[in-house]
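**Student:** So the sequences go chain by chain: A and B.
When we follow our numbering, the leftmost residue of the first sequence carries the number 1, and every step to the right adds one.
When we follow our numbering, the leftmost residue of the second sequence carries the number 1, and every step to the right adds one.
Just so you know, the hints here were simulated from the structure itself, not pulled from any lab data.
Predicted, not measured: the structure shown is a model, and the values here were computed from it.
There could be a bad hint or two in this list.
The list treats identical chains as one, so a pair stands whether inside a single copy or across any two.
Straight-line distance between alpha carbons at most 30 Å, and here's what the computed DSS-like set of lysine-lysine pairs gives [said to hold, decoys possible]:
| id | residue 1 | residue 2 |
| --- | --- | --- |
| 1 | 630 | 569 |
| 2 | 168 | 506 |
| 3 | 506 | 630 |
| 4 | 8 | 506 |
| 5 | 533 | 8 |
| 6 | 108 | 571 |
| 7 | 38 | 665 |
| 8 | 506 | 584 |
| 9 | 665 | 533 |
| 10 | 506 | 665 |
| 11 | 571 | 665 |
| 12 | 108 | 630 |
| 13 | 278 | 630 |
Number of protein chains: 2
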Amino acid sequence: FIWQLEMKRWFVMLLIGMTTAAIAAGVDICIDVLAGSKYSLVASYFAHKVDDISILIPFFLWMGIDVVFVFLAAMLVVYGEPVAAGSGIPQIKCYLNGVLVPHVVRFKTLLCKVIGIIFAVSGGLAVGKEGPMIHAGSVVAAGVSQGKSTTFRRDLKIFRDFRTDHEKRDFVSGGAAAGVAAAFGAPIGGVLFSLEEGASFWNQSLTWRIFFASMTCSFTLNVLLSYYNGNPWSLSSPGLINFGEFTGIDYHGYEILLFLLMGVIGVCWAAFNAINYKITVFRMKYVYRGSMCVMEVIVIAILTVSLSFLSIYLGKDCQPVTQYVENPLQLFCGDGEYSASASLFFSTPEESVKTLFHAREGSISFLTLLPFCVIYFLLATLTYGLSIPSGLFIPCLLAGAAWGRLFGMFLHYLSPTPEVFSACGLYALIGAAAQLGGVIRMTISLTVILMEATHNITYGLPLMLVLITAKWVGDIFNHGLYDIHIELHSVPLLHWGPPPVSSHIKASDVMNHPVVTLNTIENVGRLMDILLKNDHNGFPVVDPYDETRILGGTFRGLIIRSQLSVLLKNKAFTSWPTSNEPRKRIQLDDFRNEYPRFTEIADISITDRERECSIDLRPFMNPSPYSVSKEASLPRMFRLFRALGLRHLVVTDGHNRVVGIVTRKDLARYRYNSHRNRGLEELPIVSI
Amino acid sequence: FIWQLEMKRWFVMLLIGMTTAAIAAGVDICIDVLAGSKYSLVASYFAHKVDDISILIPFFLWMGIDVVFVFLAAMLVVYGEPVAAGSGIPQIKCYLNGVLVPHVVRFKTLLCKVIGIIFAVSGGLAVGKEGPMIHAGSVVAAGVSQGKSTTFRRDLKIFRDFRTDHEKRDFVSGGAAAGVAAAFGAPIGGVLFSLEEGASFWNQSLTWRIFFASMTCSFTLNVLLSYYNGNPWSLSSPGLINFGEFTGIDYHGYEILLFLLMGVIGVCWAAFNAINYKITVFRMKYVYRGSMCVMEVIVIAILTVSLSFLSIYLGKDCQPVTQYVENPLQLFCGDGEYSASASLFFSTPEESVKTLFHAREGSISFLTLLPFCVIYFLLATLTYGLSIPSGLFIPCLLAGAAWGRLFGMFLHYLSPTPEVFSACGLYALIGAAAQLGGVIRMTISLTVILMEATHNITYGLPLMLVLITAKWVGDIFNHGLYDIHIELHSVPLLHWGPPPVSSHIKASDVMNHPVVTLNTIENVGRLMDILLKNDHNGFPVVDPYDETRILGGTFRGLIIRSQLSVLLKNKAFTSWPTSNEPRKRIQLDDFRNEYPRFTEIADISITDRERECSIDLRPFMNPSPYSVSKEASLPRMFRLFRALGLRHLVVTDGHNRVVGIVTRKDLARYRYNSHRNRGLEELPIVSI
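One chain only, chain A, in its complex shape (with noise of 0.2 Å):
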């Protein structure tokens, strides 16, 4: 039995693996048609051009198709499932921590998040479909452990076993590694990233698992675009973004020096998290309503079109076409000239990173380079929390990549020998590394997406050096982009380690009391009564007071919220107030059926003569559960609830008496300032 659950579960990340590929296939397809056709379209009204008027043509058809594909991507998100705007990595973030976020595994979720991420980056929106891909392979991971769907109200009764929250979140956790496999080809990224995002308790086998599921949705969309691009078995593409071949191009040892300094160039990434901060607390507040967020979208994408038109249509960038230059766009150029600006603005940002990566030296000119790098940072910075799918690795990539080759060009313009300094493609990809660090603060996954991206080992210290500089420069200044939106949702997520400064904290301190507890066996009524007065998930159950009131109150085990609600819907109790039987046994897969959504308490209904019954709670309560004495400092807790992935700690006294109970909530509020008063302070945290 326990290897046939083992096979069921590897057989279970195999689908996940495979499936999350093929969603990402097809994703990279549509964009590649729906995109291509949309450059082609309008490219092919620029070469019509006569006179001034006329190029008004090119420009109106390029904002209208943007526009009409951004609108169906913000209707998508805005009336279809809320949930699915952004990035979707702060909610897998909260989901992997144990915060149940509603409505984020969900397959309409998918579809939304899916659907609307095609249009919006065919759209030509400043984001990018591999933050999405995470959020979709975390979906399918729940969805096809489940082996059932709500949205669709089937129940295959197949992977029974993997009904639990424990379970589902082990398979998310693959679910979201494969997301990263396929959006980047790193698999072994994805590994580090469910550990980094979602992991407290090293478990060897779910590991191998999750590498296994990455490994094979890597592998499965290699197969997929391999065989799209004509070429069946030539395996080049592991991943949506292709970082391309970075060979031969070797750094000094004193450059390691310059690539820190880009690294402590923060100020700008904190200004990055900082406008977008600001940003995001005012649509909080004044964008709120459906039809406003539709509109603020549609006004974004009019903008983005106008810039890039403008940055094209002025800075009339031309260079030479040589055999070197793919697919060169001549634009407003002349003839045997393409337009360098177009090579930027008018094409798919994957695209633009691979030519600031690997175009030639001074093949883009200061000038192209300068306001581009501008204008994608502002509108990455407004582009991100609009009501659409957005991904924003690769506008962060962009905009450092911009920035890079450009302090690389200027490394160049001061050298005497041109052999001095590496190529600036290499600047480029350490300006874009530098930039998403110190927008994301992500460390160790991030440093092995981007060295298996780039494919290329000797540019892991330098990647390595210049995150950790950005993440140390910018905490300075404030928090990750992705935390600061889970803050701004007041969500009890719990971090790596307890707060600094935090060990005269007790437990006494901070947990909840008097805390209202249960007895053994107890009355149904009661019961009843306290579970509609109190929202409260967990219970302890302790000993009745026996006559001489001394001994008692002992805790004996604790019980949750959804096991109380499946044994009073199935009415588990005595059949008559003075029994001590109860009237149905109840099974395993009773608990099962109900996962994941529960009967609530206040539509169960009991009569009033099953009120004066009693119900035993001893076979179903977690009889030894853990807890601290009072005495227990905060990371002492803090690390029970990570490592164990607790979600109710009970705080006894010295006798084993129940005095109170500890939620994550309760360790979550605390918190460390590095930024103002360099103290613990409370955050508001609501319950979810």
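Starting from the known structure of chain A, arrange chain B on it as the hints suggest.
**Tutor:** Below, chain B without anything else, positioned relative to chain A:
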């Protein structure tokens, strides 16, 4: 203060990475020089051969040099530091798991290991230098982080904050990762190795620092070796073993089934482990005297040389020299030809591995490869466990690459057109992975190490699949070789998860009882007697009974032996029997200065008058240690031990009174036996 400590930790990791790299580079260069001189000297005598007698000159010269080299290696281990034998990975695995293996991280061990491995590899034995690098990195980490050395009796008085088991172990995991990074040029693999072997709780900032250490190490080694090879910034040697460039070798989808088949041919790996197990048991019984160990090493060295020489002599596999052959060795062949057998038998194992991976199709004949495969397999089985430092990776890679290449050659022989199957070199790689996975049964880290060593992400899935099947097939027959050696030494190692079918075992079944408890205010005489009579390491502290003898025995805290030793040594008790004030205030530094070797209780002199005094343990004990009720199941306790790195867990009854204590040993004893009776078995465990 927090930031200062954090910066110190990063600085120590930097030192660890750089020192490990320097040692690795030193070892590599020494072996290069010694083995290079040896082979060129012997080869020069081959060239002068005129008749049958004179070919014995190079044979005896070769044997003589090898015997001297391995004699030196064996002397260092047998009379220097016996724990330096073997690869050191089992020892480091135990250390990271929380078991204190004596002498394993001492400077003397490092010295014997490093010099020993140079001579063992130069002496032509079937050993690799990669495993020992991991041990070397760990010792470096332990030494650097403590800022003092017991061997040198020096205390630099820096990094005193790091003088706890916990901090030291964190640095050792960084050192082990740096060792892997140095050995294979696999910094990510190094991090995963440390996590796989050591981590239980995912610690973000520690993982990040480990990554830094391994990245620094790989980079520094790269610079040092590039400099040694005359091209300072080519940065082409990230590790000691380099698999060479596999570019352009693609595989077809259907070949994955063949790779799986290679994974299933699992009998020989289980055989490797089984044979080595028998040999090790034999050695433990009969070969334990120092001189016998040295003799044994010399015998194996003579056997190795004789078999190699015979293979070259008898298997006259002469191939014409073309421009693709590096360093062709003529030996017994005619002019314009070179000996293909010599390219395998007459070079360092690393070179032979590269030959098998990259030699042109047909350049090594079937009749050379088959005997090589068999001979090397046998030599590797005999060699691992000798009293010399000996890595297991390279022998496994080499034996596996040999049969993998054979398998590939067989397929090519069968196929009508050459394009049906990939290059033999790829089959050699897969065979190497299968063999390695089958012998050591590591999973995640091994996949990543091999992926990084091949620099090719598309090999990820085949490598992973082959490692999974190798592990699964192998696990049917026996355990991984490291685990076999750990079990033979009866070490209480806690694996990643609790054994299956163990949830019926309760704390009251496994706990030690009656348990020796101390009172909160304890009489010095009684304390001394208890400490001298028992060798326990941890003592629960309880409230003394009150007059009514009803309440009392209540659990208050836990104190460990080393703390009591410091307290008694510093006479931290009252000046006279009726006083309440301790004679001396104990500071944190009093504990740190003693670390890690505390005074034995028997060496502390306590006068009869002092025996009458009392000591208040409350300020020193851990006031809120983890405890479980006696109903707690084995898996629950197991998770607490693993997740929180516990050494003692106090078992209490419903009223918080101490009823027993559980240690690692009590949990490590239970193991699910999947090979024989498929049930739980109890292992013999010794305390260390």
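**Student:** Each hint should be assessed against the structure and marked as holding or not.
**Tutor:** Checked hints:
{"no.": "1", "hint": "630 / 569", "in the structure": "neither (35 Å within a copy, 33 Å between copies)"}
{"no.": "2", "hint": "168 / 506", "in the structure": "between (33 Å within a copy, 28 Å between copies)"}
{"no.": "3", "hint": "506 / 630", "in the structure": "both (7 Å within a copy, 26 Å between copies)"}
{"no.": "4", "hint": "8 / 506", "in the structure": "between (43 Å within a copy, 29 Å between copies)"}
{"no.": "5", "hint": "533 / 8", "in the structure": "neither (41 Å within a copy, 53 Å between copies)"}
{"no.": "6", "hint": "108 / 571", "in the structure": "neither (34 Å within a copy, 70 Å between copies)"}
{"no.": "7", "hint": "38 / 665", "in the structure": "neither (49 Å within a copy, 68 Å between copies)"}
{"no.": "8", "hint": "506 / 584", "in the structure": "between (43 Å within a copy, 29 Å between copies)"}
{"no.": "9", "hint": "665 / 533", "in the structure": "within (20 Å within a copy, 48 Å between copies)"}
{"no.": "10", "hint": "506 / 665", "in the structure": "within (15 Å within a copy, 32 Å between copies)"}
{"no.": "11", "hint": "571 / 665", "in the structure": "neither (32 Å within a copy, 45 Å between copies)"}
{"no.": "12", "hint": "108 / 630", "in the structure": "neither (45 Å within a copy, 47 Å between copies)"}
{"no.": "13", "hint": "278 / 630", "in the structure": "neither (41 Å within a copy, 54 Å between copies)"}
In summary, the numbered hints that this structure violates are 1, 5, 6, 7, 11, 12 and 13.
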